[in-house]
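Visitor: For the record, the sequence lines run as chains S and H.
Under the working numbering, residues 1 to 448 are what the first sequence spells out, in order.
Under the working numbering, residues 449 to 1456 are what the second sequence spells out, in order.
None of these hints come from the bench; they were simulated from the model.
None of the values given here were measured: they were computed from a predicted structure.
For every residue, glycine included, the Cβ atom is placed at its ideal position computed from N, Cα and C.
It cannot be assumed that every hint is accurate.
Claimed, not checked - Derived contacts from chain H toward chain S, CB cut-off under 8 Å, selection only: (1) 684; (2) 885; (3) 1050; (4) 1052; (5) 1073; (6) 1110; (7) 1111; (8) 1115; (9) 1139; (10) 1155; (11) 1158; (12) 1258; (13) 1260; (14) 1288; (15) 1348.
Said to hold, decoys possible - Straight-line Cα separation of at most 30 Å, DSS-like style, residue types lysine-lysine; simulated pairs: (16) H:1362 with S:426; (17) H:1236 with H:561; (18) S:317 with H:898; (19) H:1292 with S:187; (20) H:1292 with S:428; (21) S:448 with H:1302; (22) H:1358 with S:428.
Stated by the list, open to error - What follows is a list of derived Cβ distance ranges for each label pair: (23) H:1048 with S:266: 21 to 29 Å; (24) S:256 with H:689: 50 to 58 Å; (25) H:1052 with S:320: 36 to 44 Å.
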Amino acid sequence: MVTRSRHLTLLALGTFCASVAGAACGSLEVPDLNNPSNESLTQTPTRSGVLAAATGLLVGHRAGVSGANGYVSMMGVLGRESYVLDPADPRFVTEMLVAPQLDPGSAVFGGNFWAAPYANIRNANTLLAALDGVAGMTDAEREATRGFAKTIQALDFLVIVNTRDTNGGPIDVSRPVNQTLAPIATKDELFAHIGQLLDDAKTHLAAGGATFPFPLSSGFAGFNTPAKFLQVNRAIQARVAVYRGRFAEALTALGESFISDTASLNLGAHHAFGAGSGDVTNTLNAPTIYAHPSVLADAEKKVDLTLDNRVVAKLKKVTSRTVQELTSDQGFAAYTSTTSSIPIIRNEELILLRAEANIGLGNVAAAATDLNLIRVQSGGLAARGDLDATNILDELLKQRRYSLLFEGGHRWIDARRHGKLATLPKDKPTHTVHERYPLPVAETDARK
Amino acid sequence: MSSRRKGTIAALSLFALGGGWNGIGSALAQDTSAAPPAPTAAPAPAPQPAAATRTVVGKVVDTTSGEGVPLARINIQGTFTGVETDLEGNYTFPNLPEEAVMLSVTSVDHEQKDLRLPKGQLQLTVALQPRFTQEVVVVGRASEISRKNATNAVASVRSEELQKAPAATVDSALQGKIAGANIQSNSGAPGGGMQLRLRGVSTINGESTPLYVVDGVLMSDVSIASGVYQVTASTGGSNPNPTQDNQVNRISDLNPNDIESIEVLKGASAAAIYGSKASNGVVIITTKRGQLGSGPKVDVTQRVGMYQLSRKLGSRTFGSVDEAVETFGPVAADYYVPGKTYDNEQALAGRSNLSTETVASLSGALNDGATRYFASATVKDDQGIILNTGHQRQGFRLNLGQRFGERLEVNVASNLLHTKSERGLTQNDNAGVSYYMVLTTTPNFFDLRKGTDGQYPSNPFIGSHANPLQTAALMTNDEDVWRLVGSGDATLSLFKTETQELKLMANVGVDRFQQENLLLFPPELFFEPIDDGLAGTSLFGTSQVRNVNSGVNLVHRLRTKGGTSANTSIGMSFEEREINSVYVASRNLIGGQGNVDSGTQVEVNENRSLVRDRGYYVQEDLILFDEKWTVTGAVRGEQSSVNGNPNALFFYPKIGTAYRLPPPVAAINEFKLRAAYGETGNLPLYGQKFTALRTANIEGSPAIVARPATGDANIRPERQREIEAGLDTILLDGRAMFEVTVYQRTISDLLLNRSLAPSTGYTTQFFNGGELRNRGIELMLRGTPVEKAGVKWTTNATFALNRSEITNLPVPSFNTGGFGVGLGAFRIEKGASATQIVGNVGLKEDGTCCNVAKVGDSEPDFVVGWNNTVTYGDFTFSMLLNWQQGSSIINLTRLLYDASGNSPDHEAAKQRLKDFSTNTATYLEDASFVKVREISLTYQLPQSFATAIPGVKSGLISVSARNLLTFTNYSGLDPEVNNFGNQPIVRNIDVAPFPPSRSYWTSVTLGF
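Excised from the complex, chain S in its bound form (with noise of 0.2 Å):
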């Protein structure tokens, strides 16, 4: 019998153990424990799920934009507004400054600022499609996210043609992954695409009716309702447009947006950064990050032999440091906590670029009051008297440097617009100044 109970206990035992492989068993379906799922927002949109993928799109503007390898800081180096001496990667001396070209194959260097834009690109998209499909949002909320989408959508783009100029990009890009690819797009027809883009974005948000549905961010105070953020929309359509060399066009946005003399230059839009969990901080503070020494040698001095006050706000002396034989002592003090924000675009590029448009269509006069005012305000400085058609031009190139100085690229891409990179100074005669970025590899590679 003992040994009968024992064959009970075993069978019980080996039940037991089925028992638990069974109960453990549990389904075979798992879901994502981690994440939402794309369906969500692609096959049943929800107004909650619309509306966070609105605000999403400000995070995905935001990627790769700070950081020493963002897009400001990348930019700064290869305008000869900063360096990045940082002993743990020399590809910010090698490739950036030494390098006879930028290469294609480093994610971080030469195939930067690609992957970002289009993600976010496709982010816009996605939200497009669904606003067509959510329920429980009304006509004018739907218009005022379709504006808002067009246009970072249209930012998203601008780093594109910034990036790579005359290299092009895709135009009709969120395809299925396994379609044939977007053919790329020359710069013209991408810079088509971004005033397009800007001008549907433009009808979108007027009849987008009082306030967005969503929350934007702190760096739209001001122009987080459809009427003030076509402001925002119509500043990019004027940059976009000087780039583009229309002038007219360009003064015409500019009467729209936000362009004011009396207003604080700093007005605008602007990246925020957060501390918050799951949030992005502002880490152009970093310590590798310094100013090219040029940028001190070349300020202005004001009348009292003080430097220009641009330069004494946006710079602070730093211990000297020397890497791969490159030294500076100057750092940027622009941006002082890991939550300052970025600028997007504000007045005083505004008011710039309304001198720009002056001097592309012949009213010196009118470009110099402007220059005058950024000179004067800005800078602290004199006005001057003698700007005229041949001096003019370098002035303006001289205060967007200063204006504007690290906080997008704009030295670099200012330079190549007017056909002036070789004026930017190498530090080292067999130095490169790089012109654009090529398509990364992995673009490339794919259209093998």
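Chain S is already provided as a structure; the job is to place chain H on it using the hints.
Guide: Leaving out everything else, chain H in the frame of chain S:
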């Protein structure tokens, strides 16, 4: 009667058949054939002893496994009169004379034993020492087979071989000992971080670690990031995953001292029965059990040793202050003193503190082997070569086996482990804080050591001002793991006759651990306020890991006396693996307090995974023709929650055969040809089937964005098809043994993470496709060249080479891992090696950057392990060499030194840096090395010495060293390196690693 030897419940010693009809036990074969039909060990009542005779009953058992030895022969010495044991090793020997008699016990797989049966004794249990060839190997979830019949090359390593020179982790103890296993450390950090790769790369994006089965428990070898990337910003570049955290693969928790044996099934042809988790091979670990016939046995080992920095890089010596200023700027003039230099590497990593390990074990068997027990306790404290680094382990194990009568046997094993590793701050970082990263730009005229005021100097030669000595003194990077591994199995004999038996086996195993990572960077650190403007960082990571597996098997075995046996098993298994990791980063610590609620900026991340698998299998093992011919076949069906269709069944078949040819010449004792084919899978990783969105926020407003990777809703396991063939011979009465194996494995339906055109909005996409092929050869030679006059020299060499090729790729070539083409990238390309490294090789014709071509390969040309042991009297000397020929390393540490103008060979460095801007190969180096892995000298105390201590029965003293010498042309710290931890493809990238060390040990073992 399940054998617990292999740890699977499943283990059966059925095929460890005695026999003696052929082969090397031929002496007996004659006896048997000449003898009259031997009385069988019938359970029928033995006849009453006649006058002057007696009937003796008993059992013949294996000393190692404690199992009964079937078909052993017990003869009256010098006669053919005798009996044979039954399947369980039991025998009944009637009609023995009453007088004392000499018996001779023989079995083909055991050493012969002669012994005296005293007058009047009616019971006799005989323990036989197994011969080498008797070793059994696991061939399935519920079966094992004698090595002599095995259809695959199975590498096994036994306890003694693991113990010669103390190793901190199981994988390091295996280095150089298994043909076809390339085992390399990722850095010199204490506490582990090793990659074990069997027969080349087997996947590009799937799981790359082998399956570890410890006493039937699927023990997790997962590597979980510490979270230090939140300080080093290593994820800030092109590698967003925290793989650069110097991760520890968790099999390192296992105490090598508890291990009885390790068996390695290298590929699909052997491991198919483990299905979709076996494509990287299976490492089957059996822990120690009590041995029959040894009463309570107590062993205590005390080890004392130390670790020592084994290699340094050196840095530039500046000839003048101008040189120094030119390189480092004006600040250099403040510190430069002609002729005065400091060895900052030695100051950082020159510690050699005492390390200790104490191991105690208790084992034995009770009630004639019905109860067997093994208990062990271990306390280990390794002191690392850098201040505040080290590795501590405390473990307790209890293994119990109980037989209930003839039919039921239950085993339980439990293992409680605590490991704590202090890992320091090393490897790639973008914040200028990790030890060697700082040293690359710190000139040797600057003294990092504490000044007379007791303060470390701030380092003016790096923007972060980090001083590695201060960092090491003040920071904490502790990885604390509490782990409980438990297993239980039960075997019930349902039905049994003379020739057949049907058994039900059930098992359950649980592996549960918690990994806590506590990292504290106090505000006093020079870099703390500088790196992010926030003083002090506290990181707390905790991962809860749970692995459960269970199975039910039904095994039928049939054996005839003609040397034919058949073993049929069917079963099902279930596995569940869950990981939940939460990381909290707290910055700007108020008053330096380390609690994560003390910071003003707190960030939380959580990452979960949950996988459930079900498997069903059937297996048949046949041994035919007097044990000459083995045929084995199996098929396993599997479902898994990670597949696109979780209910889809994937089948993994295997078939193998081996034939023991009659030895062609007398010098050859055994000559076996074998061939096997099998298929395994490799499951998609959790999440690869999902195309998901990412939650984010901007100033607290909820946001959703796309993730850069797209999944594949139809994703399915990779499929590995492996065919291997080999020849095993035993020569010169076992004094030499030679094995050769060739294999080809093709892995199709690869889990690819191809690069998409980023303009699609996605950067990568998971999908199945392409094919990868590995071909290789493995040789094993074991011999005893000298055995005379008290001297025994045994030598054991392994050789392996493997070549891989991407034979099919349905998408354009793509790069996987590394820091971009300019610094060397691994490129998956049709027709090329799977581990090729490509880089820039000059500008293109149109002047743009750059022509890209292969510049190296991380696959070694070949790997050799060579162990020699010489025993003279009570002394044993042993040395293990490990030779790797070929393989390329991307030496980015050298690039960093060069770029800082701080390399010892400065002029050459300038040229390298110049070449590098368009030529990646500049920083590729040959990783060939020869290492003296283990060297030891042991002395077995003479019995009279040992027993002089009361209670002591035996004593052993040894001195040993691990990684004593390295011979290499590699200019970096260690040719075994990987900044990215354990990766399927990416390896051999050297970025400011933890420096390597050698260790010296003295051990005393006493047996009570």
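Visitor: Hint by hint, say whether it matches the structure.
Guide: Each hint tested on the structure:
{"no.": "1", "hint": "684", "verdict": "holds (7 Å)"}
{"no.": "2", "hint": "885", "verdict": "holds (5 Å)"}
{"no.": "3", "hint": "1050", "verdict": "holds (6 Å)"}
{"no.": "4", "hint": "1052", "verdict": "holds (5 Å)"}
{"no.": "5", "hint": "1073", "verdict": "violated (36 Å)"}
{"no.": "6", "hint": "1110", "verdict": "violated (44 Å)"}
{"no.": "7", "hint": "1111", "verdict": "violated (45 Å)"}
{"no.": "8", "hint": "1115", "verdict": "violated (50 Å)"}
{"no.": "9", "hint": "1139", "verdict": "holds (4 Å)"}
{"no.": "10", "hint": "1155", "verdict": "holds (7 Å)"}
{"no.": "11", "hint": "1158", "verdict": "holds (6 Å)"}
{"no.": "12", "hint": "1258", "verdict": "violated (11 Å)"}
{"no.": "13", "hint": "1260", "verdict": "holds (5 Å)"}
{"no.": "14", "hint": "1288", "verdict": "holds (7 Å)"}
{"no.": "15", "hint": "1348", "verdict": "holds (5 Å)"}
{"no.": "16", "hint": "H:1362 with S:426", "verdict": "holds (17 Å)"}
{"no.": "17", "hint": "H:1236 with H:561", "verdict": "holds (22 Å)"}
{"no.": "18", "hint": "S:317 with H:898", "verdict": "holds (28 Å)"}
{"no.": "19", "hint": "H:1292 with S:187", "verdict": "holds (24 Å)"}
{"no.": "20", "hint": "H:1292 with S:428", "verdict": "holds (24 Å)"}
{"no.": "21", "hint": "S:448 with H:1302", "verdict": "holds (19 Å)"}
{"no.": "22", "hint": "H:1358 with S:428", "verdict": "holds (15 Å)"}
{"no.": "23", "hint": "H:1048 with S:266: 21 to 29 Å", "verdict": "holds (26 Å)"}
{"no.": "24", "hint": "S:256 with H:689: 50 to 58 Å", "verdict": "violated (46 Å)"}
{"no.": "25", "hint": "H:1052 with S:320: 36 to 44 Å", "verdict": "holds (39 Å)"}
When held up to the earlier numbered hints, the structure conflicts with 5, 6, 7, 8, 12 and 24 and fits the remainder.
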